[in-house]
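Trainee: Sequence:
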Amino acid sequence: MKPDLKKIQAPIATEMAEFEKKFRDFMKSKVKLLDHITNYIVRRKGKQMRPMFVFLTAGVSGTITESSYRGAALIELLHTATLVHDDVVDDANYRRGFFSVNALWKNKIAVLVGDYLLSRGLLLSVDNGDFELLRIVSQAVREMSEGELLQIAKARKLDITEEVYYKIIRQKTASLIASCCAVGAATSGADDALIEKMRDFGEKVGMAFQIKDDLFDYGEDEIGKPVGIDIKEKKMTLPLIYALNNSSWMDKRRIIYLIRNKNEDKKSVNEVIDFVKGSGGLQYATKVMNQYFDEALLILNEFPESEYRDSLEGLVRYTIERKK
Numbered sequence: 001m002k003p004d005l006k007k008i009q010a011p012i013a014t015e016m017a018e019f020e021k022k023f024r025d026f027m028k029s030k031v032k033l034l035d036h037i038t039n040y041i042v043r044r045k046g047k048q049m050r051p052m053f054v055f056l057t058a059g060v061s062g063t064i065t066e067s068s069y070r071g072a073a074l075i076e077l078l079h080t081a082t083l084v085h086d087d088v089v090d091d092a093n094y095r096r097g098f099f100s101v102n103a104l105w106k107n108k109i110a111v112l113v114g115d116y117l118l119s120r121g122l123l124l125s126v127d128n129g130d131f132e133l134l135r136i137v138s139q140a141v142r143e144m145s146e147g148e149l150l151q152i153a154k155a156r157k158l159d160i161t162e163e164v165y166y167k168i169i170r171q172k173t174a175s176l177i178a179s180c181c182a183v184g185a186a187t188s189g190a191d192d193a194l195i196e197k198m199r200d201f202g203e204k205v206g207m208a209f210q211i212k213d214d215l216f217d218y219g220e221d222e223i224g225k226p227v228g229i230d231i232k233e234k235k236m237t238l239p240l241i242y243a244l245n246n247s248s249w250m251d252k253r254r255i256i257y258l259i260r261n262k263n264e265d266k267k268s269v270n271e272v273i274d275f276v277k278g279s280g281g282l283q284y285a286t287k288v289m290n291q292y293f294d295e296a297l298l299i300l301n302e303f304p305e306s307e308y309r310d311s312l313e314g315l316v317r318y319t320i321e322r323k324k
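Here full-length UniProt numbering is used: position 196 in the sequence shown is 196, and no number is missing along the way.
It should be emphasised that the hints constitute simulated quantities derived from the structure, not laboratory data. From the three backbone atoms N, C-alpha and C, an ideal C-beta is built for every residue, glycine too. Misleading hints may appear alongside valid ones.
Pairwise CB distance ranges (calculated) [claimed, not checked]:
| no. | residue 1 | residue 2 | range |
| --- | --- | --- | --- |
| 1 | Glu264 | Glu307 | 47 to 53 angstroms |
| 2 | Lys267 | Tyr94 | 22 to 28 angstroms |
| 3 | Ala153 | Ser119 | 26 to 32 angstroms |
| 4 | Trp249 | Ser145 | 34 to 40 angstroms |
| 5 | Trp249 | Tyr94 | 38 to 44 angstroms |
| 6 | Lys267 | Glu20 | 43 to 49 angstroms |
| 7 | Ile299 | Asn128 | 26 to 32 angstroms |
| 8 | Met250 | Leu5 | 42 to 48 angstroms |
| 9 | Glu264 | Gln139 | 34 to 40 angstroms |
| 10 | Glu302 | Asn107 | 43 to 49 angstroms |
| 11 | Asn261 | Ala10 | 48 to 54 angstroms |
| 12 | Tyr257 | Lys30 | 53 to 59 angstroms |
| 13 | Gln291 | Trp249 | 26 to 32 angstroms |
Let the sequences and hints guide you as you build the complete structure.
Mentor: Here you go:
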């Protein structure tokens, strides 16, 4: 059965509604322009999967507390700050189908807004003595930056091995979901061992999530990003790495040439896509994604049955069964 986000959210519907109000308060400023921009950011929010992971993990690990709201807000503030800055770096005019902050208010204002969100998150934790939460989330932001830079460095040489690929996505994507789950456990009164277990659970979910995202690049589902965008950006994803590792020297040389020199040519991009599909790259990546999914569920099933556990399992299933 296809996971339904409304059903998944049911056990924490009250908390999510309360969180939205608190989050708006946390973002408030005395500067009218800043309030106008942050209201725009809040209005175009996505599925809010990160706060859902925090609250459901807190429910599974112990009790949802006031610090769970602050932990969820800290993650959203710091993550939103990184997205605003990313759009400036990438010169991106759209985010989730809406105009980006830099597209509407130019780069200088966008960078300052990102700085403001970052400082609000830091002060929210410092003012309430949530130093453990700040440590968990700051570590994730550091890893996300390192992962992004490692990917950029490797994209220049197109020499990413499967091992390096896992390191990149563990840092770039999985670290954030891992921090959501660690924060949820930490705010529920869990001990260090349980916090680490939930961090490990979140990391496995994040790995599966990113591999699913990589599969979207091959047009298997109707999605929000154009097909072949990773190839155009010279990103070496798991389906492509597997296909290259299992091809002849001549095929490997030809495909790398196309990615390096013809990545803006639609016909060449389609040739790379067909090569990956014909080499079993999608099947292999799907198998690895399902392994991470199964490992995450094994950890989750160590906890007693509850509506929180059921919803958390539903949220994990959603990450690999989503169509966009």
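Trainee: For this structure, which hints from the list above don't hold up?
Mentor: Hints that this structure does not satisfy do not exist here, as all of them hold.
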